[in-house]
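**Student:** Quick note, the sequences are listed as chains A and B, same order. Start counting the first sequence at 1; every next residue gets the next number (the working numbering). Start counting the second sequence at 1; every next residue gets the next number (the working numbering).
Keep in mind that the hints are not guaranteed to be accurate.
One copy or two, it doesn't matter: identical chains are merged, so the pair holds either way.
Pairs of lysine-lysine, DSS-like flavour, derived with a Cα cap of 27 Å [what the hints assert, rightly or not]:
hint, residue 1, residue 2
1, Lys211, Lys63
2, Lys135, Lys3
3, Lys178, Lys191
4, Lys84, Lys189
5, Lys251, Lys204
6, Lys58, Lys3
7, Lys189, Lys89
Read the hints as simulated data drawn from the structure, not as lab findings. If you're wondering where the values come from, they're calculated on a predicted model, not measured in any experiment.
Protein chains: 2
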Amino acid sequence: MSKPTILVTNDDGITANGIHALVEAMREIGHVIVVAPDSPQSGMGHAITIHNPLRLHKVDVFKGIDAWQCSGTPVDCVKLAVNKILNRKPDICVSGINHGSNSSINVIYSGTMSAAMEGAIEGIPSIGFSLLNYKFDADFSAARHFAGVVTRAVLQGGPWRELLLNVNIPYLPLNEMKGIKICRQAMAKWKEEFDERLDPAQQKYYWLTGKFINPDLGEDTDEWALANGYVSVVPVEFDFTAHHAIPVLNKLQWNA
Amino acid sequence: MSKPTILVTNDDGITANGIHALVEAMREIGHVIVVAPDSPQSGMGHAITIHNPLRLHKVDVFKGIDAWQCSGTPVDCVKLAVNKILNRKPDICVSGINHGSNSSINVIYSGTMSAAMEGAIEGIPSIGFSLLNYKFDADFSAARHFAGVVTRAVLQGGPWRELLLNVNIPYLPLNEMKGIKICRQAMAKWKEEFDERLDPAQQKYYWLTGKFINPDLGEDTDEWALANGYVSVVPVEFDFTAHHAIPVLNKLQWNA
């Protein structure tokens, strides 16, 4: 394969350390183009911008790499990159490296994974990378290594149709990593708690917070892999049909 | 079953005609509580609000019904309803009736369906309803009828674990509807187009637009059902693992 064209995006914004680590990993593999949000978009899920226009500005923040910042969501970035900047599909789309985990149920809240999902819907093999550390100044060196490893493996395995991977990386030094494990999404969830406060005008407001609860003890899950020092790789689907439920529902009485 | 408690939300905002039609349908079935966004949230996907605090205000917009408007996304509304207002799980969560289709791949962009998905993740049987008409003043009378029919069927089929339905309703008079059909999500997608314009300062901006492309001709899909006058009911999954891809990925060379 000649040098692949690699579209890089994220949800923490174009100035985040995580996307800089990802660009460094990708420039060793192919021709890199960056289109990323101009501000943090964590928790945006698969949001798109339909009630506001979008802005796109070329910026010089990655040495020698063509990069644009976009006023929209991570999904908007992928749509604009393919349709207005590249005017064709890149060979692969990578998103991240996210500051914080997107394992298990977090896949559905994650802007990082939504950008990758949008790539996959467009027919581009796509990977979201996340590091299990929320800090702005986290050390991305081991994560950067594994981003390269996974991307190379995917490029060698192609051509793919509809490949979408959710890759989470434990926050460990490289020599303590056990390797890569293909997993399923753990059926875990957040137990919400709202931190209730009063503003200076004595009006109530709430901060969303919560605890992560994992009752799924399977050793084939991403949570197990991460807790045991593995990089977790979960293949992700965007046919959301619960096929097993169709016969059950057909037995119901649908009196119209 | 005694009178069920029904949580109603949407993504078009608490003043939309669609949620008023849904409340009218639900008040014939159970005890209704409304928690809905204070402004339109279309296309918000599974967004949550983590960088801003949330506001919640009791409002009197549905005669005799306890209702709150929330500054957050549809998903935030469900989280706040369960954790701060009801302090327990309702018997069912219904979202909509959306002004516009959420069939096929639209399930992933839809705030309506994300609210319902959040309900299902919490273990509440949840249904998103959408009418195939985007107009603010669309006629919701047939949709309102089917919202009642589907909700009653689900309540009679219970107790459910993890039930999540994506219900789309053709824009037809009631007497032209063919009935209800259980379907799978059609594997269709949007072909984006960006409408490029200049603002008064001669700076470029873009409006997201596009064409819906459906290469999936299966007669078991939601698109087929809707095109043929049926209400489509797609059971939806929130284990996004592409289980079939796990053995394929395990054959790759993962050189770490």
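**Student:** Hint by hint, note whether the structure agrees.
**Tutor:** Outcome of the hint check:
no., hint, verdict
1, Lys211 x Lys63, "neither (40 Å within a copy, 37 Å between copies)"
2, Lys135 x Lys3, "neither (33 Å within a copy, 48 Å between copies)"
3, Lys178 x Lys191, "neither (30 Å within a copy, 41 Å between copies)"
4, Lys84 x Lys189, "between (37 Å within a copy, 18 Å between copies)"
5, Lys251 x Lys204, "neither (47 Å within a copy, 54 Å between copies)"
6, Lys58 x Lys3, "within (23 Å within a copy, 58 Å between copies)"
7, Lys189 x Lys89, "between (34 Å within a copy, 15 Å between copies)"
Hints 1, 2, 3 and 5 from the earlier list are contradicted by this structure; the remaining hints agree with it.
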